[in-house]
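Trainee: With the hints as your guide, set chains R and C onto chain L.
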Amino acid sequence: MPKVISFKQIRYRWPVYLFILPSLFLICVFSYYPAINAIYHSFYRWNGSAIEDFIGLDNFRDLLGWSPTLWTVLAVWICLMMMALTGKPGWAKGWAKWALCGFVTLVGAIIFGAVGEISLSSATEATILGLSAADAASWITVSMVSVIGAILLNIVWNNGFTNAIKVLGVVFGTLWFFDLSMQNTGDKILWYGFAVIFLLVVANVVKMIPSIIAAVFIHRLKNEKAQYIYRVLFVVPMIIPAMVYLLVWKFFYDPNQGVLNIILYRTGLIDLLIWIDGIFHWGVFVEGRPPSWLGDAKLVLPSLIFWGFPWVGVVGVLLYLAGLSSISEDVYEAADLDGVNWFQKFTKIELPLILTQVRINLIMMVIATLKTYGQILIILGDSGGPKGVALVPGLYMFKNAFVEGYAGKACAIGLVLFVFILILTEVNNRYVRVEK
Amino acid sequence: MNKRWPEIVKHALIITILGFSFFPLYMTFNISLKNNKQFAASPFGLPDLAGLTETFDWVPASDKPGTYDPKSINAAIEARERGLTPESKDWPMVRKSTSTTIHWENWSKAWGIVGGYIFNTVFVAVTAVVCALCLSMCAAFFFARYRIAGSSILWYVFLVLMLMPSVANLIPLFMLLRNLDLLNSLWALVIMGTTGAQVVQIYVLRNFIEDIPQDLFDSAEVDGASPFMQIVNIVLPMSGSVISTLAILQFIQLWNDFILPFILIRDDALLTLAAGLVKLDGEYVKMWGEMMAGYSIASIPLILLFVFTMRLFVKGIAAGAVKG
Amino acid sequence: MADDEIKEENEGSKWSNYLAIAFLLTAYITAVVNVIIVKKNEVVSEAGKGGRVVIRMTHWQLEAGVRQVIDEKAREFEKVYKEQTGVEVKVVQNPINEKAYRQYVQTQCIGGTAPDLIQIGMYDKDYTRRFFRATNEYVTRPNPYNKGTDLEGVAWADTFYDGLNGALDAETLEYYGAGLSMVTVRLFYNKEILREVFGTDAPPKDFRQFLKMCEDLRAWAKKNDMTGFVPIAGSKYQLNFFEKRYTSPLTFDLMFKADLSYSGALDKMETALAYIDGIYSLDSNQIEVSHKAVREITKQFPVGFMAMQRMDAGFAFTRRKSAFIASGVWDANGYIQNADFPVGVCDFPLPTKEDKEFGRFLAGPLSEASVGISMQFGVTKFSQHPDIAMHFLMYLTSRKVNEELNRDFKWLPAIKGAKVYGVMTNFKPTSDGFWGSDFFTGGSYSQAAYEQSLWEYVEHKTTYDQYKEELSKNLPKAYALDLQRAFQTTLERRLVLDATFSFNLGVARYATEWDLPAAEGVKLSETAKLRQRYLWESRISNLVEVYYQEYFKNLLEKGNKMAQKVLSLMTQNPFAEEE
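Listed in order, the protein sequences are those of chains L, R and C.
Just so we're aligned, residue 1 is where the first sequence starts under the numbering used here, counting upward by one.
Just so we're aligned, residue 1 is where the second sequence starts under the numbering used here, counting upward by one.
Just so we're aligned, residue 1 is where the third sequence starts under the numbering used here, counting upward by one.
For reference, chain L alone in the conformation it holds in the complex:
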């Protein structure tokens, strides 16, 4: 038991406080002070030095837009969904899901009735981003949000509530969110950035799979020596500094001398790509011009997604192996006797055991992706690439602060991002329990 020091004893035991003082001092000055200062300055028009005017909520209004209906609808939706999902508070348990159902139908009907369709493209006539927030956001949100919603839901909340309603709630809610927020007067670049992030999150979910496969395959090897060797070998390529890895990949994508294009041309795969392009009219793979992976607005996001192939992460593999190591040999033998095939072994025996790790990884990954901007800054510069196609919120914040000199606005963007991450962390803490 820890030693209890009562109030009376503090008089002569106070030196123990000295143990914590340096750490406390450091985090107060270098973590808390900047954070509080950022919140403070998000209400200011601030350029980092001389100009410092209090402007109230203007920064947030510029960013999020001001549409009372939209925010009310969203608030009600979030409340209802939380109630339905958590079953708390007790008095709402019975009717929350039905209220959510009704609410979704009602608002859906109103939107369809009033607007005619959920049309994201109408929202962004002023195409500041070139490729336009509209093009990208519409397909990104409509197609991807449903996928990620479903995946997140099934992995995170697999307790017996009717999944269809949950999926519906999340998907429709997110759709309104983007649809309405892009139609109001908010900052379209910021919303576009969030759409890009959602796309990257979905891509990263898919990119988690190879690690799982690699871990399972290593685990299933009969030879323990080989297991160890492979485990070590998997660490080696990942031990090279992240920055080196990033820059080498950037070099791979170089249009003239990059390894990717050399491979495409040597193997003749480029002809295949040109042929496919001819069918779909993308206009990115054409005769006589090497594809410019990071210079072509249409190729930037696919390139970012393909980045780091074969997507085996060292932390992931080791984590899953740790989880898998608790399966004893007997379980497999029993399964063999039952005639279970290899795939069923995976779904019935292995996946449940590493599910905790997968969930942790998933949440960590989502939060990390929301915060990401360092890599994009290196790869594409502070403009977020051609036509700003990869201008994620973090980078937008960085750009505002250190390039444009709008430090106050940047603080406000950071705060919006912070709230998003806080919500996700809260979801993480509440629903993703680490089963020890």
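These are calculated hints, taken from the structure and not from any lab test.
Beta carbons are placed, not taken as given, at the ideal position from N, Cα and C, and that holds for glycine.
Any given hint might turn out to be false.
To give an idea of the chain L side of the interface with chain C (calculated C-beta under 10 Å), a few residues [said to hold, decoys possible]:
1) A50
2) D254
3) G283
4) V284
5) E287
6) R289
7) S292
8) K298
9) L299
10) P386
11) F402
12) E404
13) G405
Using 30 Å as the maximum straight-line C-alpha spacing, the simulated DSBU-like pairs for lysine-lysine come out as follows [unchecked claim]:
14) C/K565 with C/K257
15) C/K205 with C/K223
16) R/K37 with C/K236
17) L/K371 with C/K99
18) C/K99 with R/K37
19) R/K37 with C/K222
20) C/K468 with C/K299
21) C/K356 with C/K292
22) L/K222 with R/K10
23) C/K419 with C/K79
24) L/K298 with C/K244
25) R/K279 with C/K99
26) C/K40 with R/K279
27) C/K244 with C/K292
28) L/K250 with R/K279
29) C/K147 with C/K428
30) C/K79 with C/K400
31) R/K89 with C/K419
32) C/K299 with L/K298
33) R/K279 with C/K39
34) C/K212 with C/K468
Mentor: Quick look at chains R and C alone, frame taken from chain L:
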């Protein structure tokens, strides 16, 4: 027979994935030994071993048509502008490499650029790791050992930081460091490295110290050992693996840290590795060989670290990641 | 069980632990020593006390050779300065790539750690005023490093080709730094290919011949089965040069009409107002013809060139994938060095007067008289040794050094009477002709709208009618946002100017009565009077903007439909506060 096939398939698949993972590493090393011309001629093959024994030739500069060597042409043109003729004694000579030469000089040139960055990074990383571990060990001992007025509140003060993403803090942090006159200084990076690691380290170390039988501390206290002596004599000898794991994780994190040096450091001579490499990448004239040699050199310290701590590493990352 | 395992492991790897610790310690000690050495070498101590003064300079000129040459000149300067004054100086160069430059400079300026000498540009004009030292006191004095030449005794400003006009802030009438080189844009061509195809390496004389040559080159490449060959290497970067070169001479009369302030050039507000007023539009013949001329050129570019980068185009040219490329003098050295064929340089071939399609509107050649001096460096307010930094700048712009500097850069010298070497003579600016202007770009929003529509047009994806339709749909909103911003800053600036003006008026009037030594009071008063003159000038330039505002209001009163539409598209009425 029936049983061996699945094994072979597994090995094949794993080796394929490994092949893809090692490919960037291989290319980095491979290109680091070539010049641009050799790279264009054979991008994937390893350099010819014959290049090890062959040396460079010195030949007179020439601007005759067919001399596909800009350096040579330029030298010759400049010499003509100075009024020399190819017959004269001062006519410039250029060093010419044969097509099989292995360009080890890429490595020495790259070391000239990257070496300073590496020293700066080692200084920052090691100093920060030592400082951070000392401080967090003391704080963790406080939390694990004592229940005193305010200790639970203070615990939450630390814990809340885990939730806080650092994105929004960047600008005020920059202003704060400016006011403290810490811009363009390695100490700023040391301080931020120390601060950044506090929360996770305190969290892990507190759990670790709480698992130590508390009687040990009680009896030490009876013997008159101060709390500081207790840390040194009881906690430290037991915590070798935990501390090294934490140290390695923080070291790697600092090695890769990019945004802070990128913003805080002005002088080329004070840049740390990650930020320095980014700067190197921005140059127009791409000497791939030198760049890749630079990347290889940048990777070596971590690879060495890994060789020494392999077991710890494989275990530690898994364990650390579970808790973190 | 588990503990045993750990113990065993520790025992087994003990030697490696010691080795690791020894290794780490050695590395750390080396690192510390290295850090201390770096610190010592770069330490800044007071001038004259025996310490070394470090002068830092930052620029984005990463082109071949530039850094080495500046380093060479810096070493020379260190020697010369030590001989003259006994102060030991070290010049440290810190080139930053173009993409990160703006961010680097802004960050360092806000942080107050900016280097002594910074290449000016790539950031807002405001920054120059806020963070740079005005160098007015230097420009009227002779450059000490010109001693012994006929420029001895000539004011520093007058030794520049442009009289240092490029470094003059027209609003505050203050000089900021000085430029090192002149830059012009030219057409580069592959002499070898031209000789092979046409029998001679003479460059094209006029626009038609240029197009014809391109067609012939295309046919020749097809015949020889040279896949991937296009006559002109192009990227978005290259397009800008052609656009400028072929738009300006063909649209000069429009520019003349649109120039509301009679300044001889179009500023952004003028561009927007002239469009709203209908002085030019997408229906104007001149605009249509100039667009067509540019499109004729881009027909010879690679497919999808807008997605390519500057470096890709250069690469295509030096690897004989193209016969022509347009770029500035700054790329000359790189092209000549990297190409394994002789590179020719010529001016852009313009259409002749007789040309049926383009000749009608041709006003004459494009003048490069106002091309100005670039690679301009300024001394920041954070410099601890501004005088030494200034001396380094003066050293670089003394005739002899500037001549050598530009000979080795393969750029054009900025100083009068400096010799131009070899191939660079082709780059000498032509002063004969007209100075043109851009249309449609009335600020960042309209520029974005324009570029977006142009993108598809020059890539031959849309016809001129489609382009016209799309752009004229987007322009009103874009102009609304641009004008709104411009009107707001006009107002803000007027208030600031008025405040400064009255403050200086007060100082000029009362400084002599303050509790100061008499001489100082008089000096203050004189300074204030001088400043007032500058302020008056900048007030006039502000008044021009106010005049634009009135012009816009006038259009509204006259019932101009476009003006009303633009006003309705603004998110805030900029005139609301006044009424």
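Trainee: Each hint needs a verdict: does it hold in this structure or not?
Mentor: Each hint tested on the structure:
For the restraint placing L/A50 at the interface with chain C, the shortest Cβ-Cβ distance is roughly 8 Å, inside the 10 Å limit, so the hint holds. Contact between L/D254 and chain C, as hinted, is supported at the beta carbon level, the nearest pair being about 9 Å apart and thus within 10 Å. Of the supplied interface hints, the one on L/G283 holds, with its beta-carbon coming within about 6 Å of a beta-carbon of chain C, less than 10 Å. Interface restraint check: L/V284 against chain C, minimum CB-CB distance 7 Å, threshold 10 Å, status holds.
Of the supplied interface hints, the one on L/E287 holds, with its beta-carbon coming within about 7 Å of a beta-carbon of chain C, less than 10 Å. The criterion of a C-beta within 10 Å of any C-beta in chain C is met by L/R289, whose closest approach is roughly 5 Å, and the hint holds. The beta carbon of L/S292 comes within 5 Å of a beta carbon in chain C, closer than 10 Å, and the hint placing it at the interface holds. The closest approach between the C-beta of L/K298 and any C-beta of chain C is roughly 8 Å, which is under the 10 Å cut-off, so the hint is satisfied.
Against a cut-off of 10 Å between C-beta atoms, the interface hint on L/L299 holds, since the closest Cβ of chain C lies about 8 Å away. A distance limit of 10 Å between C-beta atoms decides the matter here; for L/P386 the minimum to chain C is near 7 Å, and the interface restraint holds. The interface hint given for L/F402 holds, since its Cβ lies 5 Å from the closest Cβ of chain C, which is under the 10 Å cut-off. A least Cβ separation of about 8 Å between L/E404 and chain C falls short of the 10 Å threshold, and the interface hint therefore holds.
For L/G405, the interface hint holds, since its Cβ comes within 10 Å of a Cβ in chain C; the closest pair sits about 6 Å apart. At roughly 23 Å between alpha-carbon atoms, C/K565 and C/K257 fall within 30 Å of each other, so this suggested pair holds. With a C-alpha separation of about 25 Å, the suggested pair C/K205 and C/K223 falls inside the 30 Å cut-off, and the hint holds. For the suggested pair R/K37 and C/K236, the alpha carbons sit about 28 Å apart, so the restraint of at most 30 Å is met.
Between L/K371 and C/K99 the alpha-carbon distance is near 22 Å, which keeps this suggested pair within the 30 Å criterion. Between C/K99 and R/K37 the alpha-carbon distance is near 27 Å, which keeps this suggested pair within the 30 Å criterion. The hinted pair formed by R/K37 and C/K222 meets the criterion: a straight-line CA distance of about 27 Å does not exceed 30 Å. Taking the CA atoms of C/K468 and C/K299, the gap is about 19 Å. The hint holds against a cut of 30 Å.
A threshold of 30 Å between alpha carbons decides the hint, and for C/K356 with C/K292 the separation of about 13 Å falls inside it, so the pair holds. Distance hint between L/K222 and R/K10 is fulfilled; the C-alpha atoms sit about 10 Å from each other, no more than 30 Å. For the given pair, C/K419 sits about 25 Å from C/K79 by alpha-carbon distance, which is consistent with the 30 Å threshold. For the proposed pair L/K298 and C/K244, the alpha carbon gap of about 27 Å is at most 30 Å, so the pair holds.
Of the pairs offered as hints, the one joining R/K279 and C/K99 holds, with about 11 Å between alpha carbons and a cut-off of 30 Å not exceeded. Straight-line distance between C-alpha atoms of C/K40 and R/K279 comes to about 24 Å, which keeps the hinted pair within the 30 Å bound. In summary, the hint linking C/K244 to C/K292 is supported, as the alpha carbons are separated by about 13 Å, within the 30 Å threshold. For the suggested pair L/K250 and R/K279, the alpha carbons sit about 14 Å apart, so the restraint of at most 30 Å is met.
With a CA separation close to 26 Å, the supplied pair C/K147 and C/K428 stays within the 30 Å bound. Between C/K79 and C/K400 the CA atoms are separated by roughly 16 Å; this keeps the pair inside 30 Å, and the hint holds. Restraint check for R/K89 and C/K419: satisfied, since their Cα atoms lie roughly 28 Å apart, inside the 30 Å limit. Distance hint between C/K299 and L/K298 is fulfilled; the C-alpha atoms sit about 22 Å from each other, no more than 30 Å.
At roughly 21 Å between alpha-carbon atoms, R/K279 and C/K39 fall within 30 Å of each other, so this suggested pair holds. As the CA atoms of C/K212 and C/K468 are separated by approximately 28 Å, the hinted pair is consistent with the 30 Å bound.
Going through the hint list in order, the structure satisfies each hint without exception.
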